[in-house]
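> Here the protein sequences line up with chains C and D, keeping their order. Going by numbering that gives the first Met the number 0, the first sequence opens with residue 0, and the numbers climb by one from there. Going by numbering that gives the first Met the number 0, the second sequence opens with residue 0, and the numbers climb by one from there.
Treat the hints loosely; a few may be bogus.
What the hints assert, rightly or not - Here are the simulated SDA-like cross-link-like pairs (lysine to any residue), alpha carbons at most 20 Å apart as the crow flies: (1) D:K124 - C:A222; (2) D:K124 - C:T228; (3) D:K169 - D:V52.
Think of the hints as simulated: they come from the structure by calculation, not from any bench.
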Amino acid sequence: MSVPMEAPISFTNVGRVKWWQRGIFASQTGYVLLALLMLLVVMHFASPYFFTEGNMQNVAKNFSFIAIATLGVTFVIITGGIDLSVGSMMCFSAMITSMVMSGLSTPGMPGAEMFVHLAADGKTVVANVPGLILIVSVLAGLVTALIVGLVNGFCIAVLGLSPFVTTLGMLSIVRGLGYVVSNGRGSFPGGPDADYFYALTSGDLFGVPAPFIYLVILAAVMAVVLHHTSFGRHVFALGGNEKAAELTGIPVVRVKIEVYVICALAAGLQGIIISGWLGSAPANMATSYELNVIAAAVIGGANLAGGVGGPLGAIVGCVLLEVIRNGLVLAQVNSYWQQTLVGVIIILAVLVDRIRSRVT
Amino acid sequence: MTDATARQPVLELTGIGKEFGAIRALHGVDMQVFPGEVVGLMGDNGAGKSTLVKIIAGNFRPSHGEIRFDGSAVHFTRPIDARAVGIEVVYQDLALADNLTAAANVFLGRELKRRFGPLALLDHKAMASRALELFGELRSETRPDDLVKQMSGGQRQAVAIARTRLSNAKLVMMDEPTAAISVRQVEQVLGLIHRLKEQGVAVMLISHRMPDVFAVCDRVIVMRRGEKRADKVIAETSPEEVTALITGAKEAA
């Protein structure tokens, strides 16, 4: 029973997988990206307005409004979970942020004496560093999201409830809380820092919309986290084979809680940005956005069964949805068709991927 | 095995029993495994093999008895506790994440990292080259950066076994490692078991394949109906006797 171990290993029986059958080229993200590029070309010939600077800015801004939340939900989807509470989370975070901002800016409100006081002529004067109110109120919105994410993660990872049911409940809870704290009325970002707030959320830098810049930065961070850290590796392992992940000693509970927290934070940030663009945080803001966000993630190649997905796919999905919407408007098609078409595209994208994996 | 018995056993079980409700899965199992020894664990389905393995691996806590590892009593509450003292298991279903590469699976849960200031990023190169080394030792034609999804049964086995070679395990338990692979690869896996043995690692081979057990094991333990029925040096028994013990044609030896 001796097996020679000295000879160097050869790969005579195992061919290398061809480059076009690996990585992005073999992924749904790749196909959808290709479809998107073709669509852009078609749009260019179909409408002279499509590739104008104004329209491009519009498209970039509009898809950035759901893309950050899509990045977050992609984390959850890669682990094989789902988060339906993102739409409500957007609204609630935005609401808390704008309420805290106006509260702290109104002399006489609790906590406001630390930030503003009334001058002799009856005007409100900032008592502190300019921008501090903004930072505190945005943090308040994000901390709210963090807490909701922790509750989601706790119920799913520790109590073992199904992600679908837990986050469906959370969708309702968070939306309800939004109505409770606002009494059904919208809230408006106000006070001395409101100008900074609008500049940071709906402004632009050298013609590039601010939300788009945040999106690019966050997507780059996400790519590094997913592919170059052990946390990212564990996220993929969890979606690929949860039992294996547990057996190899991955802290499954912690990773799960973390992805739901990331998702809630992304949704919260997204909501705060949207409220800056809207100029208010109405109580019915971002209703049913969770469906757009999940649809974008799935179109971009995130697999609801877990184990597959990434920032590029999330963005490609969002861009495709927005280009179609934009294209239908430019083509003067009845806007009610949009939703129907989105549904068709979701099914087509998944179908193409299924056919491909059968062929190879 | 006179020289082995003179040494301290790496694993020593005394009076191990396990009940699941009213069902008695294991009863009064005593056994010892010495460093560098390959022990075959045989028995029909339901004989208590897997329960025993799961107790040693930390998946279950025994209802009775004591486990001593490397001379001291141990109590495992989770599989990680067992791994921490040096017990590795190659599971029958291999416990691999299909969507990850071979190298990623080998290093899952103990990734190699490089520090960039406050960041610790994965060291893909180091992991791939170490994984290739391990696959080379196994004589498995497995590329570290191929996805496990696209691999043959033998390659998957190699990935799972390579994982146990990463840590300095003192006891490796293999659950049916040769059940789903080709003849040539069986030879390779048995070759690996020999290599583990040479390095003083104790191996417990849970297998249905009589020829493999007789080819590679020093000793064979036969389980039947939750009890240890035989514990014999390979040279002093025969496949016929072991078969009789497994089926119950012979009560004990």
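> Against the structure, test the hints numbered earlier, and report the numbers of the ones violated in rising order.
No hint contradicted; all consistent.
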